[in-house]
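Build out the structure end to end from the sequences listed, making use of the hints.
Residue numbers (numbering that gives the first Met the number 0), protein chains in the order written: chain A, 0 to 408; chain B, 0 to 408.
It should be emphasised that the hints constitute simulated quantities derived from the structure, not laboratory data.
A hint or two may mislead.
Because identical chains cannot be distinguished in the list, a pair is counted as satisfied if it fits within a single copy or across any two copies.
[As the list claims (entries may be wrong)] No farther apart than 30 Å at their CA atoms in a straight line, the calculated lysine-lysine pairs in the DSS-like style are these:
| hint | residue 1 | residue 2 |
| --- | --- | --- |
| 1 | K10 | K229 |
| 2 | K144 | K345 |
| 3 | K163 | K76 |
| 4 | K345 | K274 |
| 5 | K163 | K345 |
| 6 | K144 | K76 |
| 7 | K345 | K229 |
| 8 | K10 | K345 |
| 9 | K10 | K163 |
2 protein chains.
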Amino acid sequence: MEINQLGQRAKQAVRALATSSGGQRDAALDAMAEALAAREDEILAANERDLTNAAGLSQSLQDRLRLTPERLEGMRKGIWAVRREPDPIGRVLDGQARPNGLRIQRVSVPLGVIGMIYEARPNVTADAAALCLKSANAVILRGGKEAICSNAAIARALREAIAKTGLPADCVQLVEDTSRESATALMRAREFVDVLIPRGGAGLIRSVVSNAAVPVIETGAGVCHAYIDKAADFGMALDIVENAKCSRPSVCNALETLLVHEEIAAAFLPLLQQKLQSVELRCDETARAVIGGTPATQEDWAAEYGDLILAVRVVPDLDGALAHIARYSTKHSEVIVTNSYSAAQKFLDEVDAAAVYVNASTRFTDGGEFGLGAEIGIATQKLHARGPLGLGHLTSCKYLIYGNGQIRT
Amino acid sequence: MEINQLGQRAKQAVRALATSSGGQRDAALDAMAEALAAREDEILAANERDLTNAAGLSQSLQDRLRLTPERLEGMRKGIWAVRREPDPIGRVLDGQARPNGLRIQRVSVPLGVIGMIYEARPNVTADAAALCLKSANAVILRGGKEAICSNAAIARALREAIAKTGLPADCVQLVEDTSRESATALMRAREFVDVLIPRGGAGLIRSVVSNAAVPVIETGAGVCHAYIDKAADFGMALDIVENAKCSRPSVCNALETLLVHEEIAAAFLPLLQQKLQSVELRCDETARAVIGGTPATQEDWAAEYGDLILAVRVVPDLDGALAHIARYSTKHSEVIVTNSYSAAQKFLDEVDAAAVYVNASTRFTDGGEFGLGAEIGIATQKLHARGPLGLGHLTSCKYLIYGNGQIRT
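Structure follows, in structure tokens:
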């Protein structure tokens with residue numbers, strides 16, 4: 000089906016969603032979770048077809064693609080978690096009475112039609128559908144071609160479930176054409192799509208940001224830095240660096256570059272090397288003079304390894320660390336380890352990133368850890384939302400103005 | 000100067016602004032207002048050159064371009080009004096203590112570098128500079144070619160004033176190259192520009208939205224509707240329609256289309272005709288059967304006249320009005336006039352626009368009238384901000400996380 004047809008149907012669904020109650024949408028979410036169980040065999044069989052087609056691809060890609068009964072159960076738990084959240088729609092955000100007697104309220108409303116462009120993980124299909132439905136948005140899903148059979152089976156189950164509860168099936172639509180043209184058409188469909196949310200690697204995000212005419216919520220890359228100040232507690236610094244680098248190296252809030260104050264480099268770096276024996280250290284010359292390691296190149300400072308590799312650089316002082324971060328940061332999460340009040344304050348003030356830490360692991364940048372509930376990604380842009388994107392960020396607002404004949408003089 | 004050079008200088012200015020205090024920025028605003036007085040002769044002379052070059056253009060364009068001592072005084076008053084606002088930066092927006100002891104604060108921060116693309120009014124140069132400086136953003140101004148001499152003189156005065164107070168002159172920069180290429184380069188300069196705000200006609204907005212790679216805050220077109228319900232008070236309806244259409248027809252919150260319930264059309268329309276004698280009525284067939292008037296074409300339903308012209312259509316009921324509005328609204332401001340509780344609630348719920356009114360003029364959609372203070376435009380998009388854009392909307396946020404060694408398990 001053409002993007003324009005999908006768009007027109009989504010617009011129709013939006014009008015039904017606009018008058019739906021939170022209870023109706025929660026009932027649809029229940030039905031969606033049930034349908035994933037009822038259709039488990041069908042979904043797993045579809046996933047087998049994707050895996051067969053993916054036989055030539057890398058192990059890690061095949062792993063991302065693979066569905067199991069446990070992973071399907073995880074998707075159902077995800078839907079239930081979204082269902083349990085409070086309704087993000089219809090909240091009175093603020094309000095006032097004006098001197099002329101006008102009463103003004105600002106209330107939360109859906110964004111409308113959300114376009115979601117993503118890659119190989121079929122669980123995104125269910126996650127995104129649940130988050131969008133809960134927030135009364137229609138969603139057009141454009142997943143990767145590797146996962147098309149799985150995504151189609153999941154979307155079919157979800158659509159049938161929604162329709163049974165009385166809401167339009169078109170609240171959730173999947174673009175079955177996985178050509179580059181269909182993605183581009185979705186990015187340009189200003190008439191039908193209110194917001195585009197890309198989820199995937201740096202290449203996907205770059206392509207969307209550069210080609211989209213529809214407004215984009217950019218989620219993204221994380222080249223996260225830890226700066227170990229001369230006033231750091233070494234034990235704390237080592238624990239934080241190990242946790243940020245090793246606890247889950249593939250995620251965007253994992254540590255990629257370590258900056259060390261030169262006064263402590265000779266004492267700290269050998270302890271680091273001992274602590275991170277499983278990590279390949281790519282070091283600048285000063286660090287190499289202390290602990291050896293692979294020589295770091297210019298590319299290492301900008302790399303999001305997503306792996307057990309850490310770039311290490313010795314900096315003359317806090318200003319040196321701030322300059323490095325200003326140049327290479329993707330504005331995701333940055334941490335200083337220090338016991339100096341003034342160094343901590345300066346770092347918090349001057350680093351421009353979604354999350355700036357003192358003495359804690361960057362791995363906490365996450366909707367759940369921040370108490371925001373279900374998360375749709377981490378926004379690394381500055382408009383609309385920054386940091387973990389929760390349900391509340393899938394809303395806009397409108398002003399309701401109650402008058403009794405006021406005119407402007 | 001190339002956009003890239005301007006961008007690099009703006010980035011430098013942003014770092015100085017990030018550590019500036021509100022008091023320093025207010026002092027710069029004072030100096031900016033003073034400089035407009037001190038350089039009045041020079042600015043008016045530059046404006047004369049623009050007016051000479053514009054001799055062949057329309058009277059209304061020449062009027063928008065013209066500066067007078069009174070208009071310069073208006074610009075100074077605008078700067079003072081911005082100066083009096085509370086500092087939008089560094090506010091703690093929310094915060095919490097997490098179970099693991101992490102203390103999380105979300106604080107307001109500048110957007111960074113704002114690109115402003117606008118047309119013939121030179122006062123925008125001073126307005127935008129003041130709003131951006133107050134909110135600690137660097138601004139790159141790209142005004143229209145008609146106003147280039149005026150804009151250059153104003154920008155020169157402002158930059159000198161800022162530099163005297165110790166902040167970088169590059170907080171405010173003007174693109175002196177007014178070619179189409181310079182505008183496009185600014186729209187694509189993702190490396191240097193955080194947000195683009197176009198201010199101008201529909202053509203400009205369309206061009207920016209379609210070409211920009213930088214995130215855009217869309218301000219915009221207003222095809223505003225009034226729906227006169229069968230349960231309306233006629234006197235109130237006539238006053239509201241007259242005020243919304245006639246009090247300032249050129250602005251975006253002015254009324255463009257009137258929808259009338261068919262049960263009252265025969266009684267209401269003659270009163271309307273009598274009330275709006277200075278207005279050209281473009282009527283659908285049903286309305287013409289009652290009051291004559293110019294026949295309305297399809298184009299009239301989508302027209303933003305900006306003039307004393309009103310499209311008039313008779314609709315079968317509230318649903319008919321909602322369907323018309325859903326199709327033709329630019330999502331700016333819409334009003335129902337009614338004494339029916341259920342009709343009012345349905346209109347408020349179902350109309351998708353920045354401002355939805357019951358029984359009041361659409362002309363109130365304005366930062367000042369909404370109590371938001373100085374205004375940079377009316378946002379008609381759904382991301383980031385919707386409705387009147389105040390200083391608070393020229394900010395982003397960041398999370399500050401205070402730990403004492405927390406790691407994620």
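Comparing the hints with the structure gives:
no.	hint	in the structure
1	K10 - K229	between (57 Å within a copy, 28 Å between copies)
2	K144 - K345	neither (46 Å within a copy, 42 Å between copies)
3	K163 - K76	within (21 Å within a copy, 60 Å between copies)
4	K345 - K274	within (28 Å within a copy, 64 Å between copies)
5	K163 - K345	between (56 Å within a copy, 26 Å between copies)
6	K144 - K76	within (26 Å within a copy, 58 Å between copies)
7	K345 - K229	within (14 Å within a copy, 63 Å between copies)
8	K10 - K345	between (48 Å within a copy, 19 Å between copies)
9	K10 - K163	within (20 Å within a copy, 54 Å between copies)
The structure is inconsistent with hint 2 alone, although it conforms to all the rest.
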